[in-house]
Amino acid sequence: MPITYPEAIARRGIGPTGRVSSRVPPAARISQLVDAALEAAPECLREGVILQSIDWSAVAPAKVATMLSSLQRARVACPRWLATALLVAGHGLATDTVRHLPSHLKVLQRVNCANGDARERPDIAPLLDTLADDDGVDGDCLAAIVRQLARLGWSEEAVRLALTHAHRVPVALRHIRQHLPTHLERLPVTRLRLAGFSTTQTLADELRPACAAEGWRADVSQANFGEAIAELMSPRDNRDGLLVLLDIDGFAPRDWRNSTVDGFNLLAERAELLGDALAAFAERSGVPLLINTIPAAPAPTAGLLDRRHAAGLRRAIDLVNERLLDAAERSGRIIVIDADQALAELPLARHVEPKLWFYGRIAYSADATRALARNFAQAWGLLRRGPVKVVAVDLDNTLWGGVYGDDGVEKLACGHDFPGNAFLAMQQECLRLKSQGLLLVALSKNNADAITAFERHPGMAMTPDDFAATAVNWDPKPQNIRRVAADLNLGLDSFVFLDDSPQERDAMRRLCPDVTVPEMPSDPADRPLWLRRLTCTWPVRLTAEDETRAALYATGRKASRLKASAATLEDFLRGLEQRLIVGYARKDTVARVAQMHQRTNQFNLTTLRSTDADIAAMARDDSPGIALLGRVSDKFGDHGIVIAATVAIEGDEAVIRSLLMSCRVIGRQVEHAFLGELLRELARRGVKRVRGDYIPTAKNGMVREFYASCGLELVEADERKSTWSFSFDRAELPSSQFVVTSWEA
Amino acid sequence: MDVGSQTTALCYPEIVTIFDEVFQHTDALTAATSPDDVERWDSLQHIALIRTLEIAFAIQLSMDEMMEIRSVGDIENVLRRHGV
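In the order they appear, the protein sequences are chains A and B.
Numbering-wise (our numbering), the first sequence opens with residue 1 and increments by one.
Numbering-wise (our numbering), the second sequence opens with residue 1 and increments by one.
In short, the hints are calculated from the structure, not lab data.
Note that the structure is a prediction, hence the values are computed from the model and not measured.
A few of these clues could be false.
[Said to hold, decoys possible] From the structure, some residues in chain A lie toward chain B, with a derived Cβ separation under 8 Å:
{"id": "1", "residue": "Ala74"}
{"id": "2", "residue": "Arg174"}
{"id": "3", "residue": "Gln178"}
{"id": "4", "residue": "Lys355"}
{"id": "5", "residue": "Leu356"}
{"id": "6", "residue": "Trp357"}
{"id": "7", "residue": "Phe358"}
{"id": "8", "residue": "Ile362"}
{"id": "9", "residue": "Gly701"}
C-beta atoms are modelled at their ideal positions from N, C-alpha and C, and glycine is treated no differently.
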């Protein structure tokens, strides 16, 4: 019979949670009830009753084992909630059951089964690394892992894991409380000064674990209550940095809203004062200054007019924040923490806890304070360490979908269409990082020619030249990254490694522990946003080039604002500089054309749902019809293939079977230019008369008059369809002066 | 007088853990235990106590209750009132 319960836990026998329960054992009567429920587990699961309410940490391993066997005999799968409840209580499951669970539950199973043997430790450490930046880990599960690590005596791992997740699962800190001081002893000290306009004690308390998570022991000293301005004006010189906690109630002069205009002016004056004080600090003191913006308030003070009224809270907050950013603009030493971003995960109403404000002028709720502390600490860590310098990135299934060696270059997914657009977005994020001064390195197990895919595949945003170095070969990646680091004359701690393969990440973590190896999401759709959240890549100061660029942009914006006032639709279209490239559907574009046929509902004259095979048949040289497509680009970027048509040709007659266009470019006359090219091509092939149907559906009303607007004549119409005809001798070819048209080479 | 403040055994043994956690106070607790007996029970740590109680028992305490709690017995009274 297969094993349903891990031997290691069964043998240990004692309380499966590994901690001495302070609870009185359940009464005999209750034990009997629980036993009965366990025996009837398959029926209980089927009915959805009783098992949900059992405290599994009080049930002996032997009984859980019996229950799991009975489930297996009855062929009832152990549901996710039961698996989670058992694991959190310290039990274990059959290997088969665990295989399908999310990684944090697998880790919990592993630590539940561990006996504290030193040989197990190197196996478990990399598993914990995979949890380090996973924000999806269930809180109970995480706390249970920390508890088990502490039981095993692996306090270093327990402390690190608890600290990394403390911002989400503060309760995990409970299990490592006695180990925390030892851990802190080993960390480098950073001496922070904390000032504010309200009580700063709660932030000081949260800063310690938050800084510890970043690898610093924070020695926090606080300025006197509400004396932030004074602190800025006369800075202490024995500190590594100053943190200023800003909030609107503490900052704004009391009663500023009661005498509207005067009050607002008073507030504006105070904001100026803050700006000046910040600038003065930056000038006088050699240390960095971190200050948060004021977050959105949970309730307005001028209702709908909150952004415009002199007593509007939103307007006041914007004003103060603007002064703050002005000051930061003038000095690289001032780092502004965006509080709205920092608090974004919390509902607005939970940013504040009114009773704490009234009790002790505490401006932010405990959750908000913890979130702010984390952002302050992250920024501090980033500032001290500096961001990474090199992004070493995998190719297959990371920068494009598919495997170069297996699929060949034309099958790789990258471009404007699903699912390649997710990979294109990833490439664009990499290019963005490059423009922010990071070096890109391609690190791929492939034949060296894989790098040429960037040139040979039409959908790629990156080119081989975007990479400062490439290591595309069959050597182990840790070996390659060391070689690249030596070539670039950089330490491995300057590298972040992005790879979709858990095995490659694991190998990199084991062999090059200095390289930052984040857990990349397995779904390519989640990766571009994830990459933007990756703190170690965040720039910390503007470069001279950034500043020039920002200035240029500001001028440009002014110009465009002037233009906007006089613009007409025609000016707009002319300014777009649209280009249409028409071509025949070919092997590599058949799938996109078929996909458009399947999906397009609005700009679609016949709603003919042609499949890949249909389009491929049309695309063949000996086919009696043709399939055309059009790619559109404008000065803002490339839209890819957005328009297509299929035409059946018989002698000198042709019938447009389908004509459809993506919503992305509706209203820009692309359709007229495309139909013009289509007709011209038919004429070239000897066609004299072209007919086309409009078949109305619930969604395609927008094209009812399309053929009329292109010079076709109505032949006949009923409620099912209308048929239109084009004669080359009677009408001009449709066209658009706003679209430059050409044919594919 | 309330029963809770006369007996020495606590009705809510969880309070022992909470006092350990918030105040690092491990001495025995009675209903009469007050800030005078607990070194770190000052006005700021009082907030941490209130918050921990709120989370541990899944309740919301009001401003009045914040003021009302001046001893372990008071905590028990408040908890009882919340139907914990």
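Status of each hint after checking the structure:
no., hint, verdict
1, Ala74, "36 Å, violated"
2, Arg174, "6 Å, holds"
3, Gln178, "10 Å, violated"
4, Lys355, "5 Å, holds"
5, Leu356, "6 Å, holds"
6, Trp357, "10 Å, violated"
7, Phe358, "6 Å, holds"
8, Ile362, "7 Å, holds"
9, Gly701, "54 Å, violated"
Consistency note: the structure conflicts with the earlier hints numbered 1, 3, 6 and 9.
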